[in-house]
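**Student:** The numbers in the sequence shown follow full-length UniProt numbering, run straight up by one, and end at 125.
Keep in mind that the hints were calculated from the coordinates and are not lab data.
Backbone N, C-alpha and C fix where the C-beta goes; we use that ideal spot for every residue, glycine too.
One thing to keep in mind: the hints can contain errors.
Using C-beta positions, here's what the derived DEER-type ranges look like [as the list claims (entries may be wrong)]:
#, residue 1, residue 2, range
1, E25, D99, 14 to 20 Å
2, M111, S62, 16 to 22 Å
3, L10, E102, 18 to 24 Å
4, G114, S17, 34 to 40 Å
5, H48, E121, 34 to 40 Å
6, V123, W91, 27 to 33 Å
7, M111, Q53, 28 to 34 Å
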Amino acid sequence: MANSLGRHVLAEIYGCSFDILNDREKVEALMVNAALEAGAEVREVVFHKFSPQGVSGVVVISESHLAIHTWPELGYAAVDVFTCGDSVNPWDACNYLTDHFEAGHMTATEMKRGIVEDPKEAVNI
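Sequences and hints are given; from them, build the entire structure.
**Tutor:** Okay, here's the thing in structure tokens:
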């Protein structure tokens, strides 16, 4: 991760189970487990169920966040996983979600965040 502060994966997950994507408790549990599978430390969790369908939520991790919005009627989930440091692999979280959403396939893009030309050592005050 030379000279970048983090990795941000934007995942498009298709062909998912309607029942899973429309269940706030299942989506929340899977998102938390995806963070843990990737090696992250979970801090806060907020999820909301929409009417007539759909779930949005965020898992705040020490290393940044995981966020999701689902369209169960389309079998689609938009997921982003942003991690800082080298200890958490965002792809592990995306692959975990793809498997557990019973998805047909995933496409994703990774972006390096905070590309710093002359990195300075962070100081906690």
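**Student:** Decide, hint by hint, whether the structure agrees.
**Tutor:** Each hint, compared with the structure:
1. E25 to D99: 14 to 20 Å: Holds, at about 19 Å.
2. M111 to S62: 16 to 22 Å: 20 Å, holds
3. L10 to E102: 18 to 24 Å: 21 Å, holds
4. G114 to S17: 34 to 40 Å: Roughly 35 Å apart at Cβ, these two residues keep to the hinted range, so it holds.
5. H48 to E121: 34 to 40 Å: 39 Å, holds
6. V123 to W91: 27 to 33 Å: The hint (27 to 33 Å, Cβ to Cβ) holds, given that V123 and W91 are roughly 31 Å apart.
7. M111 to Q53: 28 to 34 Å: 30 Å, holds
Of the numbered hints given earlier, the model fails none.
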